[in-house]
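The numbering of the sequence shown is the working numbering, which starts it at 154 and goes up by one.
Do not rely on the hints blindly, as some may be mistaken.
Below, a list of computed lysine-lysine pairs in the BS3-like style, where the Cα atoms sit at most 30 Å apart [as the list claims (entries may be wrong)]:
1. K257 - K230
2. K197 - K257
3. K194 - K257
Honestly, the hints are just simulated from the structure, not real lab data.
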Amino acid sequence: MTFDDHKGKSLPRKVGLRVGLRVLLVLLPVLCLLLGWAGWKILKSPYEPQGATSTASAFIHDIHQENWQRAHDLTFKNGYTGRNLDELRRVAARQFCGRVSELKSWHPPQTHGNRLRRWLNGVEMDQDQVWVEFDDAASGCMMTFEMRLGKDSQWKVFNFQSHAG
């Protein structure tokens with residue numbers, strides 16, 4: 154039986170199944186490849202420690218606004234950041250070299266795949282110490298903020314300092 158014998162009629166069921174099976178055999182590997190590629194991209198994408206970076210940003214904002222009490226509340230109140238407000242003002246005057254506001258990087262870098270591996274191994278996913286880099290392109294000022302998790306599981310500034318590029 155040829156296709157011409159069916160003038161205006163639908164194709165026999167077996168021919169339609171074969172075409173559908175062929176399409177499925179082509180699309181299934183393509184779909185698997187796309188899902189694998191998407192999973193790889195997600196696992197390799199960088200993870201930003203939002204708590205640490207947002208606390209550092211809030212600290213910078215408070216220093217620029219001269220809200221010393223709130224800025225001091227975001228620190229460990231140690232010799233690096235100042236045990237009291239007067240010490241914090243002196244340290245900030247010495248270390249802040251411009252209006253840093255642009256988040257550049259954080260260290261150590263971590264990916265979503267690292268976090269998944271830590272979770273699967275029963276290890277704490279969040280690191281307890283992160284260095285956050287900010288800069289000000291206009292003045293060339295670069296600053297590092299050493300962030301640590303406190304006993305209350307809140308990120309706080311342990312140390313901050315300006316540095317050369």
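To test your reading of the hints: which numbers does this structure violate?
none
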